[in-house]
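Enquirer: Residue numbers (the working numbering): 1 to 216.
Since the hints were derived computationally from the structure, they do not count as laboratory data.
Do not take every clue at face value.
Simulated restraints, written as ranges between beta carbons of each label pair [what the hints assert, rightly or not]:
# : residue 1 : residue 2 : range
1 : G46       : E15       : 21 to 27 Å
2 : I187      : P210      : 38 to 44 Å
3 : T188      : R122      : 48 to 54 Å
4 : T188      : E15       : 39 to 45 Å
5 : G196      : L126      : 39 to 45 Å
6 : I4        : G72       : 23 to 29 Å
From a predicted model like this one, the values you see are computed outputs, not experimental measurements.
Ideal Cβ placement from N, Cα and C applies to all residues, glycine included.
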Amino acid sequence: MGVIATLLQGPVGHEVGHMVAQYQPIKLAAMEAQFETTDWAPLRIGGVPDMEARQTNRAVEIPGGLSFIAYGDPSSTVRGLNEFPADNLPPVPVVHFAFQAMVGIGTLLIGLAVWIIWRAWRKQPLSGNKLLLVLIVASGPLSIVALEAGWIVTEVGRQPWIVHGVMRTAEAVTESPGVVALFAVTITVYAILAVGTVVTLQLLSRTPLPENSDAA
Numbered sequence: 001m002g003v004i005a006t007l008l009q010g011p012v013g014h015e016v017g018h019m020v021a022q023y024q025p026i027k028l029a030a031m032e033a034q035f036e037t038t039d040w041a042p043l044r045i046g047g048v049p050d051m052e053a054r055q056t057n058r059a060v061e062i063p064g065g066l067s068f069i070a071y072g073d074p075s076s077t078v079r080g081l082n083e084f085p086a087d088n089l090p091p092v093p094v095v096h097f098a099f100q101a102m103v104g105i106g107t108l109l110i111g112l113a114v115w116i117i118w119r120a121w122r123k124q125p126l127s128g129n130k131l132l133l134v135l136i137v138a139s140g141p142l143s144i145v146a147l148e149a150g151w152i153v154t155e156v157g158r159q160p161w162i163v164h165g166v167m168r169t170a171e172a173v174t175e176s177p178g179v180v181a182l183f184a185v186t187i188t189v190y191a192i193l194a195v196g197t198v199v200t201l202q203l204l205s206r207t208p209l210p211e212n213s214d215a216a
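From just these sequences and the hints, can you work out the full model?
Expert: Take a look at the structure:
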């Protein structure tokens, strides 16, 4: 199931790109740190947004890649960040880096899935390759990182709006008393649970396994 789900991420992501381009063009521009409105908008691998110079440096660019993902046509015009009011923009570097992390890890997991399928087709045991075993173990935590990075893209990318074009996040912050105390209690409880889990796992790792004995 993991292999199947991983391989579906590409087409699903492509369809989501269409929706974001249609309904949240600012988020799309922030994800790719696209400052200028242009046709043949590139898909960037890496890159560091320079908010002062309004450009993205040190990126590997695939010409027309963003236009194709957004509209299915590499020559389509993609609206850039410079076209929108500055007070309507999200924190571009945060959104861009989170998106790069999500896509990068997703690409790695797709490659891992293909590798596993290839070895299974060749009837080669997974235990025969140490690097593959390391990547399989790492894929668990990495998938969580990709999930959280995607959540950052979703939530930070829509800022400063909580209801797009209607209500800003700052206007929706509750003024109810006791919120800070409740937040502190929640963090404390989860911290205690985390420490307890780590201590329990350490104790279990130090406990010797029972020796197998054959019945007489």
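Enquirer: Indicate, hint by hint, whether the structure satisfies it.
Expert: Hint check results:
| no. | hint | verdict |
| --- | --- | --- |
| 1 | G46 <-> E15: 21 to 27 Å | 24 Å, holds |
| 2 | I187 <-> P210: 38 to 44 Å | 39 Å, holds |
| 3 | T188 <-> R122: 48 to 54 Å | 52 Å, holds |
| 4 | T188 <-> E15: 39 to 45 Å | 41 Å, holds |
| 5 | G196 <-> L126: 39 to 45 Å | 33 Å, violated |
| 6 | I4 <-> G72: 23 to 29 Å | 25 Å, holds |
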